[in-house]
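Undergrad: FYI, the numbering for the sequence shown is 1 to 99, going by my numbering.
Careful, some of the hints might be misleading.
Keeping only pairs whose Cα atoms sit at most 16 Å apart, straight-line, the calculated EDC-like set for lysine to aspartate or glutamate is [claimed, not checked]:
(1) Lys23 to Asp79
(2) Lys69 to Asp7
(3) Lys57 to Glu2
(4) Lys17 to Asp7
(5) Lys91 to Asp64
FRET-style restraints, in silico, Cβ to Cβ [said to hold, decoys possible]:
(6) Val70 to Lys99: 30 to 36 Å
(7) Thr73 to Met96: 31 to 37 Å
(8) Asn72 to Arg4: 22 to 28 Å
(9) Glu47 to Glu98: 42 to 48 Å
(10) Glu98 to Ala11: 40 to 46 Å
(11) Ala49 to Ser25: 28 to 34 Å
(12) Ala12 to Arg97: 35 to 41 Å
(13) Val90 to Ala49: 28 to 34 Å
(14) Glu94 to Glu47: 38 to 44 Å
(15) Arg97 to Ala49: 41 to 47 Å
(16) Pro46 to Glu76: 18 to 24 Å
(17) Arg97 to Thr48: 38 to 44 Å
The set of hints was computed from the structure by calculation and includes no laboratory data.
Just so it is clear, CB atoms sit at the ideal spot from N, CA and C, and this is done for glycine as well.
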Amino acid sequence: MEIRIQDVHFAATDALKSFIEKKVSKLEQYYDGILSAEVTLKVVKPETAANKEAQVKLAVAGQDLFASKVSNTFEESVDGCVDALQKQIVKFKEKMREK
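Working from the sequences, and respecting the hints, build out all of it.
TA: Here it is as structure tokens:
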């Protein structure tokens, strides 16, 4: 799976990028048909405590799965997105089995 990370209006550290790659690549254990993942990180204005937004878009066979979370840190946001996408992948696989 190809993972692309975009950081909007700031420079993400290497530690953050490796954390994201590690978390997003774990989604492959739920479904190996994931073609690519696109992660977008941005700081939401105004400057409040919970202003770190992460958006993750997965390209799977036939459709895209998407999750977006805002938290205090990018790590929390990415964790939330991965959890949400994990549930979406399970539902997607169930629908495929029914067909």
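Undergrad: Does each hint fit the structure? Answer for all of them.
TA: Hint check results:
1. Restraint check: the Cα-Cα separation between Lys23 and Asp79 comes to about 7 Å, which is no more than 16 Å; the hinted pair holds.
2. Between the alpha carbons of Lys69 and Asp7 the distance comes to roughly 15 Å, so the proposed pair stays at or under 16 Å and holds.
3. Between Lys57 and Glu2 the alpha-carbon distance is near 12 Å, which keeps this suggested pair within the 16 Å criterion.
4. For the given pair, Lys17 sits about 10 Å from Asp7 by alpha-carbon distance, which is consistent with the 16 Å threshold.
5. As the CA atoms of Lys91 and Asp64 are separated by approximately 13 Å, the hinted pair is consistent with the 16 Å bound.
6. Roughly 35 Å separates the CB atoms of Val70 and Lys99, a value that falls within the hinted 30 to 36 Å.
7. One distance hint, 31 to 37 Å for the beta-carbon pair Thr73 and Met96, holds here, with the actual separation near 34 Å.
8. Between Asn72 and Arg4 the beta carbons are some 24 Å apart, a value that agrees with the proposed interval 22 to 28 Å.
9. Evaluation of the 42 to 48 Å hint for Glu47 and Glu98 yields a pass: the beta carbon distance comes to about 47 Å.
10. Separated by about 45 Å at the C-beta atoms, Glu98 and Ala11 satisfy the suggested range of 40 to 46 Å.
11. Checked against the given bound of 28 to 34 Å, the beta carbons of Ala49 and Ser25, roughly 29 Å apart, stay inside it.
12. At roughly 37 Å, the beta-carbon separation of Ala12 and Arg97 lies within the given 35 to 41 Å, and the hint holds.
13. The supplied range of 28 to 34 Å is met by Val90 and Ala49, whose beta-carbon atoms lie about 32 Å from each other.
14. A hinted range of 38 to 44 Å for the beta carbons of Glu94 and Glu47 is consistent with their spacing of about 42 Å.
15. For Arg97 and Ala49, the hinted distance range of 41 to 47 Å is satisfied, since their beta carbons lie about 42 Å from each other.
16. Here the CB-CB span from Pro46 to Glu76 is close to 19 Å, well matched to the stated 18 to 24 Å.
17. Evaluation of the 38 to 44 Å hint for Arg97 and Thr48 yields a pass: the beta carbon distance comes to about 43 Å.
Checked against the numbered hints given earlier, this structure breaks none of them.
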